[in-house]
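**Q** Take a look at the letters that make up each chain.
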Amino acid sequence: MTFLLDLFAQAMQMILVLALSPVLIGFTRKVKARLLRRQGAPVMQPWYDLIRLLRKETVLAEDASWLYRSAPYIIFATTWVAASLAPTFATGLMFSWIADLIALTALLGSARFVLALAGMDVGTSFGGIGSSRETMFGSLAEPATIMIVFVVSLIAGSTQLSEVAAYMASDFELRVSVGFALVGLVIVAIAENGRIPVDNPSTHLELTMVHEAMILEYSGRHLAVIELASALKLLLYVSLIACVFFPFGLAPHNGSLSGMGYGVVLYVAKLAVAGFLLAVFEVSTAKMRVFRVSDYLGVALMLGLLGTLLVFVTRSL
Amino acid sequence: MMFMRREKRGGEAPPAAPPSCHPWSRLDVGAKDWSAAVEEIARGDADLLSLWSDGASVYLATIAKDASDVVIRALACPDRRFPSVGLLHMPALRLERTIADLYGLEPIGSPDARRWLDHGRWGLRHPGGAREAIDTPSDAYSFLKAEGEPLHQIPVGPVHAGIIEPGHFRFTANGEVVVRLEERLGFVHKGVGQLMAGAAVAQAAKVAARVSGDSTVAYSFAFARAVEAALGVAVPARAQYLRALMAELERLANHFGDIGAICNDAAFALMLAQCGLVRERLLRAAAACFGHRLMMDRIVPGGVSVDLEADKIAELRGLLDWINLMLPRLLKLYGDTTSLQDRTVGTGALSEDLARQYACGGFVGRASGRRFDARRSVGYAPYETLSFELGVSKEGDVDARIWVRFDEIKASLGIIEQVLDRLPHGGIHATFEETPPREIEGAALVESFRGDILVWLRIGANGRIAHAHLRDPSWFQWPLLEAVIKGNIVADFPLCNKSFNCSYSGHDL
Chain D
1 MTFLLDLFAQ AMQMILVLAL SPVLIGFTRK VKARLLRRQG APVMQPWYDL IRLLRKETVL
61 AEDASWLYRS APYIIFATTW VAASLAPTFA TGLMFSWIAD LIALTALLGS ARFVLALAGM
121 DVGTSFGGIG SSRETMFGSL AEPATIMIVF VVSLIAGSTQ LSEVAAYMAS DFELRVSVGF
181 ALVGLVIVAI AENGRIPVDN PSTHLELTMV HEAMILEYSG RHLAVIELAS ALKLLLYVSL
241 IACVFFPFGL APHNGSLSGM GYGVVLYVAK LAVAGFLLAV FEVSTAKMRV FRVSDYLGVA
301 LMLGLLGTLL VFVTRSL
Chain X
1001 MMFMRREKRG GEAPPAAPPS CHPWSRLDVG AKDWSAAVEE IARGDADLLS LWSDGASVYL
1061 ATIAKDASDV VIRALACPDR RFPSVGLLHM PALRLERTIA DLYGLEPIGS PDARRWLDHG
1121 RWGLRHPGGA REAIDTPSDA YSFLKAEGEP LHQIPVGPVH AGIIEPGHFR FTANGEVVVR
1181 LEERLGFVHK GVGQLMAGAA VAQAAKVAAR VSGDSTVAYS FAFARAVEAA LGVAVPARAQ
1241 YLRALMAELE RLANHFGDIG AICNDAAFAL MLAQCGLVRE RLLRAAAACF GHRLMMDRIV
1301 PGGVSVDLEA DKIAELRGLL DWINLMLPRL LKLYGDTTSL QDRTVGTGAL SEDLARQYAC
1361 GGFVGRASGR RFDARRSVGY APYETLSFEL GVSKEGDVDA RIWVRFDEIK ASLGIIEQVL
1421 DRLPHGGIHA TFEETPPREI EGAALVESFR GDILVWLRIG ANGRIAHAHL RDPSWFQWPL
1481 LEAVIKGNIV ADFPLCNKSF NCSYSGHDL
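Taken in sequence, the protein lines are chains D and X. For the first sequence, position 149 matches number 149 in the numbering used here, and the numbering has no gaps at all. For the second sequence, position 446 matches number 1446 in the numbering used here, and the numbering has no gaps at all.
Rather than coming from a laboratory, the hints here were simulated on the basis of the structure. Keep in mind that a hint or two might mislead.
Here are some, though not all, of the chain D residues that point toward chain X, as calculated from beta-carbon distances under 7 Å [as the list claims (entries may be wrong)]:
1) ILE196
2) HIS204
3) VAL283
According to the in silico footprint, chain X covers these stretches of chain D (three or more CB under 8 Å from chain X) [what the hints assert, rightly or not]:
4) 34-48
5) 206-216
6) 284-292
Note that beta-carbon positions come from the ideal geometry of N, C-alpha and C, so glycine has one too.
Using the sequences and the accompanying hints, generate a full structural model.
**A** And the structure:
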């Protein structure tokens, strides 16, 4: 019975992230539109777009290799797994034991690697530009992520997300390092998801694109799957920030159904807050120059380093 | 009546041959004087306004430094060749290549023999001249070379992702840094010259209004003034003021739209939303006052076609008050957003020397220290009676171009206010005899939002346009865009491009 319940909770988590991620994108777009005095598309529009794309014919470049064709599915699979591992409404889910922070980073890194290769596969110049920029950002964002992971795991005594979340929920004490880690993670999240000021997800200017440039040649179901993967990635980062720094309302392991329901409601509320804040931030800033991104991500890396150092210093005293 | 001065002078020209070009002087020169004139431009003593041909002669329009009168020199080309202007003065190169494409006149000694507007897809060569048929469409074009181990090419266009016109940009970049940009234009060539040749004046005016949609008022204005100069038409005072009103409304709408669009290219959509709001209200006001959002075909030779009703004046004043209220907020939003300033300051800087050499008009020139505005420097009715400040900067970057545009917005708001205050009563259209006693030429220089538009035309004795040349300000701005992007990063190109906002259609004709 417990096994069935566990399985149910895990399955629910997987479906929940899949269902909610395009809605989060749609909600952010809606808020942005309202802030810009526009009516905006319906919140469900990303879902409509995905369904439309799935129905459409997939056009492949003549020179596309197997890598180009399989990349969308690899990216989607890794991102979905990653998003399903991070605690959203409950801790201690069935697969939580593999929800290691370093494993998450590696999963996302693999997705990035495959996407960058796919961007270069058909040999268009925009794909190359996108891949080059993405790898540059990635090489800066990943060390920062790892440093932030260290801060959190040193404090919680584990790299396992579920345990980190449980620790943060029960034995949380206010630390400067946690603040550093939070700011650092937000910076990384914005860069990793290609949001303003690092990349503009709604631009039509090929020369300024990063993520969009790599997927410029994709169409039909391939594009749908990639779009869904990037929606999942945004959701994953929001879940990550929510479960580590705002872990209230998470249903414990073997919790009741009502506890889980409560967790889901709170989780959706957290997503809404994050989406709203993201939209407000995006409206109030311009995109930065490509080479400024290194400074920006450098801040995240320094915050991670400082956080780690502070943890050590305070521990030894 | 100050504003009637020019028309009167145009009418006073001596009736003897050769055909003069009202209201300016036309000199029929030999090869020697032609070369002297070219040297004068190359030295920088005079600015090149345009270079064109009617198939038999080539014409060179120049304006001496600090002079207000344009000189048009004509050189007959009986052997279908003329001494290259581009050889000594780079800015003339593309105009020269266009002459070779359209009329088959060969510039002797030209450093660039490649075709420009002709992409080999018209099915014929020299549509304005001998019209030789060609069978196979071919589009071979050799871009200028940029070689080196780390360099790579990025072809962009001609079809772009946004709803904009077609044009090809060939970047050679070292990683992110642009080493060379070469443009290839001509994809929207419509054959305006051929469409106009043989058309009645009213018909040709409609073609002129459609050369570049965003400056339709300015084009109609320039074309009407050229016709009026040629035929010696005195335009009623009310029409003169209404023309200025339309021209300034168009300028305002374009400047607001573009400032928003530039900021949007830096992903700052808030500015686009705010500026778009102002632009939309301006366009709606134009539709309410003149019956067309862009005021197309509202300026016609002889006057204007629609009168401004008395109750609309109050409406316009209300709109002006609202814009005057919004403007400081927009200035603050632009100037105080550091992330936006970080993108625009220092990006795409145009040197004063280049701006001067290319005699580049409009806000692009004024942002790089070139104090030229056709409304002021050449002067035409009714601007002699209106006072306004020219915004000038020396920085020449994207930021400077935006500030100069903000200054022009302030100037235009002031001009509209003066126009509304002084709007005289009376007729709005003068009927005139369309058939001149003999072949006659006219020209006009009018400031569009982009810069000065030159229109030259010849009306035949049958009262139809024998030939017309419309020179868009973009001719001297497109080449500078190639210059300013050098050393900038690829991702900054959209920002530079938008801050220039050259016309594809006006250039490709």
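**Q** Of the hints given before, which are not true for this structure?
**A** Violated hints: none; all satisfied.
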